[in-house]
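K.L.:
Each protein sequence line maps, in turn, to chains A, B and C.
One rule links them: number in the numbering used here = place in the first sequence (from 1) + 46.
One rule links them: number in the numbering used here = place in the second sequence (from 1) + 136.
One rule links them: number in the numbering used here = place in the third sequence (from 1) + 73.
Don't read these hints as lab results, they were simulated from the structure.
The structure presented is a predicted model; accordingly, all values stated were derived computationally and were not measured.
Please note: incorrect hints may appear among the correct ones.
[As the list claims (entries may be wrong)] Capping the alpha-carbon separation at 30 Å, the derived lysine-lysine pairs in DSS-like fashion look like this:
hint: 1; chain 1: C; residue 1: Lys377; chain 2: A; residue 2: Lys304
hint: 2; chain 1: A; residue 1: Lys278; chain 2: A; residue 2: Lys267
hint: 3; chain 1: A; residue 1: Lys278; chain 2: B; residue 2: Lys470
hint: 4; chain 1: A; residue 1: Lys162; chain 2: A; residue 2: Lys142
[To be verified] Residues on chain A that point at chain C, a partial pick, calculated with CB under 10 Å:
hint: 5; residue: Ile77
hint: 6; residue: Tyr114
hint: 7; residue: Arg116
hint: 8; residue: Ile157
hint: 9; residue: Lys162
hint: 10; residue: Leu169
hint: 11; residue: Met170
hint: 12; residue: Lys267
[Unchecked claim] Which chain A residues stay away from chain C? Per the calculated CB distances, all over 12 Å, these:
hint: 13; residue: Met50
hint: 14; residue: Glu71
hint: 15; residue: Thr72
hint: 16; residue: Asn79
hint: 17; residue: Ala103
hint: 18; residue: Val184
hint: 19; residue: Gln187
hint: 20; residue: Arg188
hint: 21; residue: Glu192
hint: 22; residue: Ala203
hint: 23; residue: Lys282
hint: 24; residue: Leu285
By construction, the Cβ of each residue, glycine as well, lies at the ideal position given by its N, Cα and C atoms.
These are the residues of each chain, in order.
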Amino acid sequence: MRLMITAGIDVGSLSTDAVLMRDGETLSQIIINTGAMARSAAERAFGLALSAAGLRASDVDAVIATGYGRMSVSFADSQVTEISCHGRGSAWLSPKVRTVIDIGGQDSKAIRIDGKGNVVDFLMNDKCAAGTGRFLEVMAQRLELELAELGREDQQAARAAQISSMCTVFAESEVVSLIAQGVPRPEIVRGLHLSIAERTAGLANRLGLAPEVMMTGGVAKNPGVVRALSEKLGAKIILPPEPQIVGALGAALIAQQKHARQSV
Amino acid sequence: METVLGWVCAYTPEEVFAALGIESFRLCGGENQASAVQYLPVNLCPLARACLSEGLDNAGTGASLSGVVLTASCHALVHLANAFQHARGGNGQFFVHLLDLPRTFGREDDAACRAFAAALRDLAGRLGEFYGAAWSDEAFLTAIDKQQQVRLLLRELYRMRRERPEQFRAAGLLEVVRAAGRTRKEELAPVLNSLVASLQDAGSGDNWDSAQDGMQDGGPAAAVFLEHLRRQGSSLGPRLLVTGNSLPPAYFDLIEDLGGNVVGDDLCQSYRYCLPDTEQTLDGGGRDLFMTLARSYLRRPACPRMLAGAERFAYLQALIRECQAQGVVYHTLKFCDASIYEYALLRNRFMEAGVPVLYLETEYRDAGLEQARTRIQAFLEVLGPPTEKY
Amino acid sequence: MMDVEGFMRHMLWDRRRWNRVLSSPLTYTLLGGVLRLTRGNWPLDAMYQMGVFAFNETGRAYVGKAPVVWSSAFFPVELAWGLGLCPFSPEVAAAYIATLGFGEETMSMGEQAGYSRDICSFHRCIAGAASAGNLPRPAALLASTHLCDGAPLLFQNLAALYGAPLLALDIPYNSSPEAVRYVAGQLEQVWLSLADVTGQRPDRDKLAEAVRCSERFRAQMQRVNELRCRVPSPVSGNDMLGFIYLFFVGQGSREAAEIAAGLAKEIERRVAGLGRSGQTGTQTEKYRLLWMHLKPYYNNELMKFVEQDGGVLAMEEFSHVYWTPLDPEQPFLSLARKTMSHFAFKPVTERIRVMAELARKYRVDGIVHFSHHGCRTASGGALMIKEALRDEGWPVLVLEGDCIDGRSEACGGMLTRMQAFLEILQERKLGCAL
Chain A
47 MRLMITAGID VGSLSTDAVL MRDGETLSQI IINTGAMARS AAERAFGLAL SAAGLRASDV
107 DAVIATGYGR MSVSFADSQV TEISCHGRGS AWLSPKVRTV IDIGGQDSKA IRIDGKGNVV
167 DFLMNDKCAA GTGRFLEVMA QRLELELAEL GREDQQAARA AQISSMCTVF AESEVVSLIA
227 QGVPRPEIVR GLHLSIAERT AGLANRLGLA PEVMMTGGVA KNPGVVRALS EKLGAKIILP
287 PEPQIVGALG AALIAQQKHA RQSV
Chain B
137 METVLGWVCA YTPEEVFAAL GIESFRLCGG ENQASAVQYL PVNLCPLARA CLSEGLDNAG
197 TGASLSGVVL TASCHALVHL ANAFQHARGG NGQFFVHLLD LPRTFGREDD AACRAFAAAL
257 RDLAGRLGEF YGAAWSDEAF LTAIDKQQQV RLLLRELYRM RRERPEQFRA AGLLEVVRAA
317 GRTRKEELAP VLNSLVASLQ DAGSGDNWDS AQDGMQDGGP AAAVFLEHLR RQGSSLGPRL
377 LVTGNSLPPA YFDLIEDLGG NVVGDDLCQS YRYCLPDTEQ TLDGGGRDLF MTLARSYLRR
437 PACPRMLAGA ERFAYLQALI RECQAQGVVY HTLKFCDASI YEYALLRNRF MEAGVPVLYL
497 ETEYRDAGLE QARTRIQAFL EVLGPPTEKY
Chain C
74 MMDVEGFMRH MLWDRRRWNR VLSSPLTYTL LGGVLRLTRG NWPLDAMYQM GVFAFNETGR
134 AYVGKAPVVW SSAFFPVELA WGLGLCPFSP EVAAAYIATL GFGEETMSMG EQAGYSRDIC
194 SFHRCIAGAA SAGNLPRPAA LLASTHLCDG APLLFQNLAA LYGAPLLALD IPYNSSPEAV
254 RYVAGQLEQV WLSLADVTGQ RPDRDKLAEA VRCSERFRAQ MQRVNELRCR VPSPVSGNDM
314 LGFIYLFFVG QGSREAAEIA AGLAKEIERR VAGLGRSGQT GTQTEKYRLL WMHLKPYYNN
374 ELMKFVEQDG GVLAMEEFSH VYWTPLDPEQ PFLSLARKTM SHFAFKPVTE RIRVMAELAR
434 KYRVDGIVHF SHHGCRTASG GALMIKEALR DEGWPVLVLE GDCIDGRSEA CGGMLTRMQA
494 FLEILQERKL GCAL
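The shape of chain A in the complex, shown without the other chains (with noise of 0.2 Å):
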């Protein structure tokens, strides 16, 4: 019998990810900016999966699109929401998982697993940007700072600026009279790296938290958020070696299940 090729998508509001699966094993992943058009994004990613695979489109068995352009992929078989793709992700990188926290571009979503990464309960924070990618790239911008370098300049600081306001519109004024005050930008930095933990927290604690703890998302590579967030669920956050593809990753894995069943 050949062994079954599958393909995950993850049609994120920022990055579009593609994961190309055989048999559990991980023949290729890309990253790539969504930009205007998530139908195109989403054929360029995959196209770009299977060419670093050797691979045509038509050896692939089967593709599942999530995230939230999961509706414009016309060529994947199905859809299934990018919860249930974090949840099977995480499950498959680290099996004793139980709550899995996704801060991504749009939302943030804390989720809850069982030990073969079913979900069990989920939240999701989608009301505003506040707490979300999209906040620290609003901040970023206005701190003058490319989003990847707010880790490095959290680790500067000597303490956080108080930022109180959870509304990003709010938290930006904050931000500009705090930058007129002279405080030091490190400083600034940490204290949105707190209240994006501290709402994040709020939510995980809703659910309910349950170890251990997995983050997943692009926020995930912020190692400032990171520490916070841990700091405030006084839990080990362990990280994905890779925290942007667990979306598509879990797409790939449900892929090959639910294709193993169809053709039994």
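Knowing the structure of chain A, use the given hints to seat chains B and C on it.
P.N.:
Below, chains B and C alone, put in the same frame as chain A:
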């Protein structure tokens, strides 16, 4: 650790607690609303969320809560009671009671008074049973008396503040009233007495140091109150009345920092606390003390939740005249229906009456202070300097 | 399908003519005609019947054939029917305004009139429509305080706007014989005042007749609910949520009693396999849901999405008959007991208990609490309800949304939550992955 009974709304009859010898503690909440996050959604009254956090964390009490008596005034307080029950009530060791508070609709309705009297009697029975305290009419009468004494003394502070707003810090007055809801009245009365006397002596001259010297018999508590009440800095702005619902202290300070003079308020953590008048109803109630108490609470000027819009507007207008206020700050807490809806009604009335109004919304925390600064400052600029003293 | 809403939208195209269109008898004659043409297309004939009833009553209110009284949800509107008045529910009107696609502009007018976006969107919509003069002028406004803080406050403001009296009920939270008498006394007072304001004779026989009709409605709806225990579900709960007009306005009218009886018969025939298409289930039923609170009435994919994914509303909180039989001989006491017995104006444990009971009775797979943004009563308890029901083993989704206001909603987010919840239900059913 000492245990106390928590309460929130200014319609809560402390007299009943005192009559039973139960220590009570007014929950006011603070900046920290984090412990509420598991129980109450973010789109619910921030005061309720803050009070839940305060109660669950035993913050600032130095004592732990043995129960709460909340009024069924609005669904935020109904759910606050639910949350206390949910978080603490499991083993029957925590007292949770929602007291029915009839709406008056701006009428002097005897049926409503009777219903409230029945609810008070029921509360007394339940409290007595839970705390193992015996009821005595005599103790009740003493409690009513002491409470009235404290209210009159507090009103005296408000009267002086109205005349000399440049000397009184509004947030300090708020602190005194909050403290009144957390202290045995027989202990508080002499302190307030001494405070009032020395402030009267200090007169209109800016001579608070001599007031400080005259404080000996009030003890350290009076001195602390005095320190907090003392206002410094500019007072060249207009005279303002603050209404709506509980404005956090930092916002009072902000108004005063900008030169505004708070000459009066209609807030449940502040002046409204001093409003019930048992003296006037004591004779009319016959021997039924519960009916007396019910009348005194329901017949005082109504709060927005009472659905007495016309009566409230007339009362606020009288208050504006009495305080010679040049403008009104209407404060609403985010998600507080009673004040948000009322504002839509009153804003037109005030406009027709030519009274300038500033609408101020907060989340019961200092987060929006900087946004508020600009709004308040602009409002003060529009109103101009204070009118001549009367 | 010939579409009544489309016809209405067409008629109301020109905003400046709304008043003229709405107050013209011709409008309702035409609407009646369109409605008749659509009769065969309704999922249930009772829905068609309700449409006829609602349009007749709305016409009566706008054309001014009888004194109009506004009534807020859960006010015992039997009092108005018992005086031969024309009750009008502005809350149902707001839902219809949203269905027609005029919600956003109407709410904006309400916001301009001073109503914050943090309050209930039904009320912002009503305030907007009232300030534009688009609602039938009330002779009196009836509101009850128990399940909604906002409605009596809004009605107080609008009473001032229209110069009409607010007749409100103060409902105690704690039930006792004295409390029931206190409410019954108020009901009698409201009934007398209402007669006085509208120039009607307070006739106890007519009131008894209204209570009798209300009791028939109660009994028939209970029959409907018994029939709905069947698996698969004989009727779509999404359709059942369309009957709020009967619950909010109809109780006490002869029509509501008859429509409910017709509905019960119709479902009985379906259960017996004699329905139009000879089938019992209305669709492929994969997941049975208990639905709490209402749904989005503006143009929104949510309910379609649920049904497409095989979700069926097996039972709804709003369809539950929670009150005991009414006694026409004791109208005020009966109505007082009915009003006070609502499970959502009791400790939240009571709402939890009732929902768990319904979940068991209707053998649901999961529970959805649609948390209408401005509803303190329902949404305020949602987290505690979720925790308690989850501890009893029910999967629960607290779905934050809004019934009327689509502007603040990240629609994708709502659908994602719903889909993820259905994925959980599927995992539970199959015992393994998706």
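K.L.:
Please write out, lowest number first, the hints stated earlier that are contradicted by the structure.
P.N.:
5, 12
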